[in-house]
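So the sequences go chain by chain: A and B. Numbering-wise, my numbering comes out as the position in the first sequence, counting from 1, plus 443. Numbering-wise, my numbering comes out as the position in the second sequence, counting from 1, plus 14.
Keep in mind the hints are simulated off the structure, nothing from the lab. Treat the hints with caution; some may be incorrect.
To be verified - Using 27 angstroms as the maximum straight-line C-alpha spacing, the simulated DSS-like pairs for lysine-lysine come out as follows:
1) K494/A - K477/A
2) K530/A - K283/B
3) K29/B - K532/A
4) K478/A - K488/A
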Amino acid sequence: MKKTRFWSWFWMFLGGLYFFVPLYATLRFSLMMKKDVLSFMAYEKVIHDPKFLEAFSFSAQMAILTILVSLVLVVPTAYWVHLRLPKLKPIMEFITMLPFVIPAIVLVFGLIRSYSKPPLLLVSSPALLVAAYVVLALPYMYRSVDVGLRAIDVRALTEAAQSLGASWPRILFQVIFPNLRSALLGGTFLTFAIVIGELTIANSLAWKALGPYMTTLAGMKAYEPAALAVMSFALTWGSIAVLQFVGKGRGGAAPENMAGMH
Amino acid sequence: MAFLELTNITKRFVKFAAVEDFNLKVEKGEFVSFLGPSGCGKTTTLRMIAGFETATEGNIYIDGKDVVNRPPNQRNIGMVFQSYALFPNMTVADNIGFGLKVAKKSSEEIKARVDEMLNLIHMSDFRARYPYQMSGGQQQRVALARALAIQPQVLLLDEPLSALDAKIRVELRNEIRSIQRKLGITTVYVTHDQEEALSLSDRVVVMNSGHTEQIGTPFEIYNFPQTPFVASFVGTLNIIYVDVVDPANGILKLEEQEIATNKPVRKAKDDKVRIALRPEMVKLTTDDPAANELKVVVDSIVFLGAIVRMRVKVGTTKFSMDLFNNPDLQLPKEGSQISVFFSRDACMVLQD
Numbered sequence: 444m445k446k447t448r449f450w451s452w453f454w455m456f457l458g459g460l461y462f463f464v465p466l467y468a469t470l471r472f473s474l475m476m477k478k479d480v481l482s483f484m485a486y487e488k489v490i491h492d493p494k495f496l497e498a499f500s501f502s503a504q505m506a507i508l509t510i511l512v513s514l515v516l517v518v519p520t521a522y523w524v525h526l527r528l529p530k531l532k533p534i535m536e537f538i539t540m541l542p543f544v545i546p547a548i549v550l551v552f553g554l555i556r557s558y559s560k561p562p563l564l565l566v567s568s569p570a571l572l573v574a575a576y577v578v579l580a581l582p583y584m585y586r587s588v589d590v591g592l593r594a595i596d597v598r599a600l601t602e603a604a605q606s607l608g609a610s611w612p613r614i615l616f617q618v619i620f621p622n623l624r625s626a627l628l629g630g631t632f633l634t635f636a637i638v639i640g641e642l643t644i645a646n647s648l649a650w651k652a653l654g655p656y657m658t659t660l661a662g663m664k665a666y667e668p669a670a671l672a673v674m675s676f677a678l679t680w681g682s683i684a685v686l687q688f689v690g691k692g693r694g695g696a697a698p699e700n701m702a703g704m705h
Numbered sequence: 015m016a017f018l019e020l021t022n023i024t025k026r027f028v029k030f031a032a033v034e035d036f037n038l039k040v041e042k043g044e045f046v047s048f049l050g051p052s053g054c055g056k057t058t059t060l061r062m063i064a065g066f067e068t069a070t071e072g073n074i075y076i077d078g079k080d081v082v083n084r085p086p087n088q089r090n091i092g093m094v095f096q097s098y099a100l101f102p103n104m105t106v107a108d109n110i111g112f113g114l115k116v117a118k119k120s121s122e123e124i125k126a127r128v129d130e131m132l133n134l135i136h137m138s139d140f141r142a143r144y145p146y147q148m149s150g151g152q153q154q155r156v157a158l159a160r161a162l163a164i165q166p167q168v169l170l171l172d173e174p175l176s177a178l179d180a181k182i183r184v185e186l187r188n189e190i191r192s193i194q195r196k197l198g199i200t201t202v203y204v205t206h207d208q209e210e211a212l213s214l215s216d217r218v219v220v221m222n223s224g225h226t227e228q229i230g231t232p233f234e235i236y237n238f239p240q241t242p243f244v245a246s247f248v249g250t251l252n253i254i255y256v257d258v259v260d261p262a263n264g265i266l267k268l269e270e271q272e273i274a275t276n277k278p279v280r281k282a283k284d285d286k287v288r289i290a291l292r293p294e295m296v297k298l299t300t301d302d303p304a305a306n307e308l309k310v311v312v313d314s315i316v317f318l319g320a321i322v323r324m325r326v327k328v329g330t331t332k333f334s335m336d337l338f339n340n341p342d343l344q345l346p347k348e349g350s351q352i353s354v355f356f357s358r359d360a361c362m363v364l365q366d
């Protein structure tokens, strides 16, 4: 018994080292810009770089737009599939898994070929980027919402509200959405995290987004990319912490259900 | 015209008819149960009354108005589900008040009605609780209060007790009945549990394969089943194959022992026919000189608490008899030969 426990801890410790040592090294390196002292100089440089702000705000805008479009597209669809077309669930699952199977580079080539000549000349429009991101985020958004919907009895809740006289908007906004709160937040944060760091599509469509900015920076500077990496980690972890905190309250499926997805 | 009336209701799905030519008249304040095995169409019929399913043919009248084309949110019907279906994001008070809020009642009115409903279900201390903080029985009581709060014209209950354990089920069953009597609300109750249907209802509709087998009071359904299905589905029943001796006088025989019934049999002499006999109608003694007597061998004796169930056999034919338990009961030994008695009326010949 004791022996087993020792080895469990040993492997866990080893796993921890594998994960944290590079992270610690990156953090330490990012603080070493000033000779012989630890400082936040690299961070200051990154934050004060107008190109960073431009890239970050562009990516953030794209992320927000992607989230909005995804929510409008996915939530009513998933709700209707659960309520009236449960037989379509396997087909929906297959469709939403496609972005995992088709690499982003293939997707973007397809998009460029399809939308680079009239009448569908869209390659230079951010709408195409958002559309591509919606596809990319589809598995995460759909799965989050699907898990949330599975955790509640959609049909019985809808019918109970109907028998009490409620209209469709009232059923959606007062009965269904509040019970999907953590699922919707889960999908939202995951989408945000994907879009904010996305490289392939933004690069291929020549947008000055955060992903391409980070790559360029990595080729030119030493300390700043490390600082950026730490910052993006902090952002992701911050999002997960918020998710955990919000998910603890009542209201549908906890985001832990999404753990197997990454 | 009855208060709730279903005429020629049919529901066809792509390949099969779930309900066929269903007719029912329910008077105001009446408690009617739909009883039948799963897949018999009872829930589909209830859902058509609620408006969750659209009837392929037929009409549904509530208080003289045809509601068959009205959406569920405009039918003023209270519905209680098997899975409670309380809104998880709302407290008990908000759940009960939901329908009133939809109907744009004033907050004072809502509060007064919610208090009244909480009183009715004896749960005044639970108003701030969330569904997940309550037991199944409590949740179902709140669901009942929520359905009643809007003062519906008809109350529909879809197997409301199926998810609860035995003791709570009986408690809540009695509570549902007493609340229904108190409010005088017209109620339709769906169940596959015959004890529930028989103990709660003014009338029972026994359904099978999408059609009505029999409509009657619990007493009629149990004692005078009109079809073999009703006879076998409601209560425990022995089905015994016998030979016809004298069809005109209803005389039959089982392994050379004569059985007399009170009705002529529509079969020829020496034909085989089935008779149905309730276990509680077979007795160890009788005062009735006209009663049938069978010499049987005791096969097994099973003690069920209030009832002792004996399996007896005549040749290769086995059947059950139920005796009320009491400390003075003299039980025969297994393997011994005894005489058992049943009246001529107890013998139902299944004419098929």
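Hints, verified against the model:
1. K494/A - K477/A: holds, 22 angstroms
2. K530/A - K283/B: violated, 56 angstroms
3. K29/B - K532/A: With a Cα-Cα distance of about 22 angstroms, the restraint between K29/B and K532/A holds, given a limit of 27 angstroms.
4. K478/A - K488/A: Holds, because 15 angstroms separates the two Cα atoms, which is no more than 27 angstroms.
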